[in-house]
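Participant: I would like the entire structure built from these sequences, with the hints used as guidance.
One-letter residues, chain by chain:
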Amino acid sequence: MKYKDYYETLGVSRDADLEQIKKAYRKLARTYHPDMSKAADAEARFKDVAEAYATLKDAGKRAAYDELGHPKAGAEFAPPPQWQQDFATGGQAFEDLDLADLLAAFGQGQRRPGADPGPAKGRDFESAVTITLADARKGVTVSLGLADASGQRTLEVTIPPGVRQDQKLRLRGKGGKGHNGGPDGDIYLHIALAPHAVFRPDGLDLYFDLALTPWEATLGAAVEVPTLDGPVLLTVPAGTRSGRKLRLRGRGLADGHSDIYAIVHIDIPANITEPERVLYLELARISNFNPR
Amino acid sequence: MTQDCPEWRWLDTRETVTLTELSHCCGLSEAELDELVDYCALVPLIPVEQEPTFSAQWVIPLRNASKLRLDFDLDLFTVAILLGNFNRIEMLERQVHSLQALLPQQVHAGLKFQSSP
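The listed protein sequences correspond, in order, to chains A and B. Residues in the first sequence are numbered consecutively from 1, following the numbering used here. Residues in the second sequence are numbered consecutively from 1, following the numbering used here.
I should point out that these hints are in silico values taken from the structure, not numbers from a laboratory. Do not rely on the hints blindly, as some may be mistaken.
As the list claims (entries may be wrong) - DEER-style ranges, computed between Cβ atoms: (1) A:R26 x B:T18: 31 to 41 Å; (2) B:K67 x A:D66: 26 to 36 Å; (3) A:E19 x B:D38: 21 to 31 Å; (4) B:Q100 x A:F77: 55 to 65 Å; (5) A:D35 x B:R94: 16 to 26 Å; (6) A:G250 x B:Q100: 48 to 58 Å.
Even for Gly, the Cβ is constructed at its ideal location relative to N, Cα and C.
Facilitator: What follows is the structure, given as structure tokens:
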């Protein structure tokens with residue numbers, strides 16, 4: 001069994017008090033936490049630091065660790081015979097354990113090495129899936145790849161219709177297997193919606209830009225607009241202004257319970273012909289409209 | 001939680017969880033959850049004499065706060081503050097998404113904001 005120098009890992013002296021140990025741990029955890037550090041070895045470093053702290057913050061575990069003396073880090077050492085005896089009664093292969101396993105068993109006097117650890121819940125998994133808006137409206141079955149102690153497996157999950165951005169699902173009992181009669185873990189599934197070329201989701205509603213000609217906006221029109229189920233005709237009322245929201249009822253992500261909104265903006269031609277220019281000049285001459 | 005679908009549950013206002021179930025989901029003891037309720041960081045749906053129930057939308061922020069508690073050895077009061085901030089971030093992200101939806105496509109495409117999963 002290889003010795004690990006937990007004091008060295010945390011960068012504290014062997015007579016450091018709990019406050020010093022805690023302070024050193026927090027500083028290192030802040031440096032190496034995988035959410036905060038981009039370094040390739042951050043996760044491994046964080047695990048080492050957490051393992052060291054788990055032992056040194058607990059008076060019982062620290063005393064047991066200190067009993068081992070002070071071999072060089074990485075040096076082979078033999079744990080006290082009593083430890084081996086205790087683990088032998090638990091039916092675990094002592095040779096397969098490492099220092100962290102042994103010290104983890106000194107649970108603040110609640111559990112001796114080798115004692116029955118009791119039922120434990122299986123591991124929970126966090127997973128994320130990105131689906132299209134069309135799938136969010138209709139519902140979809142996705143395959144999740146999971147890796148745990150029992151190996152690689154694929155789980156088919158049916159996402160129901162009417163899903164919005166950032167929704168979360170809990171798949172109960174689909175995570176890691178429970179230990180000693182404990183319940184199986186869960187899967188927490190985070191749902192994201194893939195960007196769409198036309199629609200922008202807001203909750204269960206969808207928004208898109210509807211470009212109108214000045215005469216369509218002024219006189220009103222029936223224009224073909226897209227929906228997730230195919231194009232439909234939308235009636236634009238006469239006198240529609242830029243920024244107005246026109247609703248297509250029940251066409252959003254939750255069928256019948258959410259809507260599509262067309263946000264109107266009035267566009268003008270980049271180039272106009274001479275007859276068009278004449279008509280615009282005529283309009284400018286006779287119109288008394290002044291928006292300013 | 002309601003029992004009409006055994007395979008999955010939404011973790012939002014549509015579903016509720018009991019104190020016991022929230023404790024299992026988030027790795028915090030029932031006493032710790034009670035303390036978070038005392039700090040007004042966690043709000044039960046109906047503060048009744050029997051076992052309180054909570055909106056399932058508490059599950060994810062509580063799990064995140066609980067994980068940070070373990071990783072950084074934080075105290076429970078810090079978890080309470082984290083929880084408030086997580087909820088505020090989520091609310092603000094929703095507002096940003098709503099405002100983005102109202103922006104014209106060309107303006108929207110130029111924005112880089114993405115919510116975290």
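Participant: Run every hint past the structure and note whether it holds.
Facilitator: Right, here's what the structure says about each hint:
At about 34 Å, the beta-carbon gap between A:R26 and B:T18 stays in the expected band of 31 to 41 Å. Remark: the range hint 26 to 36 Å for B:K67 to A:D66 is upheld by a beta-carbon distance near 30 Å. Between A:E19 and B:D38 the beta carbon distance is about 27 Å. The supplied range of 21 to 31 Å therefore holds. The hinted range of 55 to 65 Å is satisfied by B:Q100 and A:F77, whose Cβ atoms lie roughly 59 Å apart.
Distance hint check: the CB atoms of A:D35 and B:R94 are about 22 Å apart, consistent with the given range 16 to 26 Å. The hinted range of 48 to 58 Å is not satisfied by A:G250 and B:Q100, whose Cβ atoms lie roughly 23 Å apart.
Of the hints listed earlier, the one the structure fails to meet is number 6.
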